[in-house]
Structures are given as C-alpha cells and as structure tokens.
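Take 377 as the starting number for the sequence shown in the numbering used here and just add one per residue.
Quick caveat, the hints were computed from the structure, so don't treat them as lab data. Check each hint, because a few of them may be wrong.
Stated by the list, open to error - In silico lysine-lysine, BS3-like type, Cα no more than 30 Å apart, as pairs:
#1 394 / 435
#2 590 / 726
#3 587 / 553
#4 414 / 511
#5 396 / 721
#6 394 / 577
#7 577 / 553
#8 657 / 646
#9 590 / 607
#10 442 / 414
#11 661 / 511
#12 589 / 657
#13 601 / 577
#14 396 / 435
#15 553 / 657
#16 414 / 492
Keep in mind that this is a model prediction, so the values were computed, not measured.
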Amino acid sequence: MIMTDRDYMQRALALALKAKGQTSPNPLVGAVIVRGEKVIAEGWHRRCGADHAEIVALKKAGDRAKGARLFVNLEPCFHYGRTPPCVDEVIRSGIQEVILGMKDPNPLTHGKSVAKLRRAAIPTRVGILRTECEKLNEVFVKYITTGMPFVATKSAQSLDGKIATASGRSQWITSEKSRQYARVIRDEFDAILVGINTVMKDNPGLNPHRKTKKLKKIILDTTLKISLTAKLFEGMDPRDCLIVTTAAASPSKRDALAARGVTVIIAPPKEGRVDIRWAFKELAKREITSILVEGGARVIGSALRENLVDKMYIYTAPKIIGNQRALSSIDGLNGTNVEQSVRLKNLTMKPLDDEWLVTGYVFRDR
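Starting from the given sequences, assemble the full structure and let the hints guide the process.
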C-alpha cells in the first residue's frame, strides 16, 4: 500500500501519543523520516530533558537522513532550553524536505524554525492534520498561550446526577471497571486535585494507575483540617503533595506539614475559601500544566464558575437515588435561568459494561 503524507503524519502522532502523561511541561512530539516511500527512522520525545523526537529519529537515520523527508507533528524548537535547538540539527542532517503538523505556539519558536528552514533552502510545509495535531497537544497549547493549566473534571454519578445518598454514603456509585478506567485517565495529567471535604469523607489514596507515574496531589484546604495520617500521603514522595490553604490556617499545622516535605501554599481567600483562580495560576507557575479535578461537588462547581474548566469526564451508573437532599455531582453554579447553564461540545460516549463515560469540552462563546 502506498503511504501518503497524511499517513506519515498519522504515524508521527501515534508515536507522540506513546509518551502521553510523561513529557510535561514539554509537548507530545513524534517524528518520521522517509526516503522514497520507505520509513527509515522514527522516534518520539519520551520525557522532559530527553532528546526531542526529531533528534531521536535523526540519530537512528544517521547518514541516511541526507535527501530524505522529515515528518513532525510540531515545529522543531528554535531556542535553547533543556536541550539545544532541534532546527539546527535538522538543517545539518541534510534533510531534503520538512512536513509539519502545526507551528509551535511557544513565542520563543513560533514560526521561527519554519523561517530558518526555508532560509536554508529546505522546503517546509505546515498544516498536515493540523486539527489532530492541535488536539493531541491541547494541554501544551493551553498552558503556553494562557499561562494557565489545562483543567479537566471527573465525577461519578447516578442517572439522576447524584454522587451520594442524603446520608453522604457514596461507595460505590460506579463499578470497579469504571473506577479502574478513571485511574488510567489520571496518568494523563500532571496533578490530581480535590477539596478537603473529599479527603475527610472518603480518605482517598488518589494514586495513579501506573506505579512509575509521578502524579502530584493537590488539596484545597482553607484552614488545614487535613490529617497528618491521611491515606493520600502513603507511599509517595511528600514533595509531590501540595496543599493550598489560606492565612487562616494554623501556623503550627503548616510547620508540621512542611517538616514532612509537603508544600504548603498560602492563597488569598475568596468568599471564605481558597481563591481557586489564584491557586491554578500559581500551580501553572510551578510547571503544573494539567490538573484533573476529582471533587467534591463544590470544588468542581467553583472551577466551572470561574471559567477554569476545559474538559469534563462524567461517569454515569444505571442507578436512581431519588432524594432531593442527596448530594449532586456539581454544586455552586447558582444560575438563575437555563441560558446560564454550562454547555458541553464535542461529546463522546464510551460504554463501560452497563455504565457510560461521557466526555465533553466546555463550550465558550468568547
């Protein structure tokens, strides 16, 4: 079968996807080198600080790169960072043509490598599978262009939108299969975030699916109610736990947590709670590029109200709790008419036995 340029770019995307959740704060990048109609080398960026995808592929190709074509889903870097500029290596390699999925949104590179390649008389095309390339790096694009993390929420509910009974019992709304899949999704994010009420009620471990995944755990805790023996501290590097609190917290409790290596961040209050917008901006400054918010209902509602959420994962079980005093999966939006509802777009539905995972992006008209 004859491969097209779109096929080669699709291969680059598939390679890039192999490192999902492992490259932060860097993007996901794959590279394919083609001579004639034969792939002679390929590679992907595996982790921050490691060789970029183009370099991996060029090293494998060696002298065979001369006169070949290079397919990359993202414009090669132009600047010195943790590694030297990739664009210079591409030029030195003797690559005959470069085909890119999209320009790098980082202003340090944006369009500069394309221009440099063209000045070096290397034909360079941009835009093959652009939509797919932008979707793959939605986290990187949001982080680089706004200075804020990409934020997703996860909730598990009954058919009538409840996460617990009126007495507060919630174990378990969804099946083990759904809960297992939810842990797999955690691996795609830099951090998982919950409010202190979720910690006190459920005492969750908040662990990733893969034991090798470095997942930061973030707790919003206005007055530092968290127990020093909370399950989430077990088996983890305490430096990967960040607790966002306010000046209302006990100094002695702050000191006790800091002595264990836990990072305590003092945020300004808003309506008697941690200012969640301020918190997310501060977390982005610490190179946390993506956050999965897993509860509770008020935390998710607060993030939605502040227009911080990009994506939502909603697990729904075929159960009806049927009590108006039962806890809803989202709370605190306080809309007064239907037009103020949060709307989702680009919905997908994944069956999990007799349950469903609905995934959608928050619709913004501005």
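Going through the hints against the structure:
1. Proposed proximity of residue 394 and residue 435 is supported: the alpha carbons are some 19 Å apart, at most 30 Å.
2. This hinted pair checks out: residue 590 and residue 726 have alpha carbons roughly 27 Å apart, not beyond 30 Å.
3. At most 30 Å may separate the alpha-carbon atoms for a hinted pair to count; residue 587 and residue 553 meet this at roughly 19 Å.
4. In summary, the hint linking residue 414 to residue 511 is supported, as the alpha carbons are separated by about 27 Å, within the 30 Å threshold.
5. Of the supplied pair hints, the one linking residue 396 and residue 721 holds, its CA atoms being roughly 23 Å apart against a limit of 30 Å.
6. Proposed proximity of residue 394 and residue 577 is contradicted: the alpha carbons are some 36 Å apart, above 30 Å.
7. A hinted pair counts as satisfied when its Cα atoms are at most 30 Å apart, and residue 577 with residue 553 qualifies at roughly 22 Å.
8. A distance of roughly 15 Å separates the Cα atoms of residue 657 and residue 646; the hinted pair therefore holds under the 30 Å criterion.
9. Restraint check for residue 590 and residue 607: satisfied, since their Cα atoms lie roughly 17 Å apart, inside the 30 Å limit.
10. For the given pair, residue 442 sits about 14 Å from residue 414 by alpha-carbon distance, which is consistent with the 30 Å threshold.
11. A threshold of 30 Å between alpha carbons decides the hint, and for residue 661 with residue 511 the separation of about 23 Å falls inside it, so the pair holds.
12. Proximity of residue 589 to residue 657 is assessed by CA-CA distance (about 23 Å); at most 30 Å being required, the pair is judged to hold.
13. Using a Cα cut-off of 30 Å, the hinted pair residue 601 and residue 577 holds, with the two alpha carbons roughly 12 Å apart.
14. Using a Cα cut-off of 30 Å, the hinted pair residue 396 and residue 435 holds, with the two alpha carbons roughly 22 Å apart.
15. Taken as a hint, the residue 553 and residue 657 pair is broken in the structure, with Cα atoms around 34 Å apart against an allowance of 30 Å.
16. Proposed proximity of residue 414 and residue 492 is supported: the alpha carbons are some 27 Å apart, at most 30 Å.
Violated hints for the displayed structure, listed by number in ascending order: 6 and 15.
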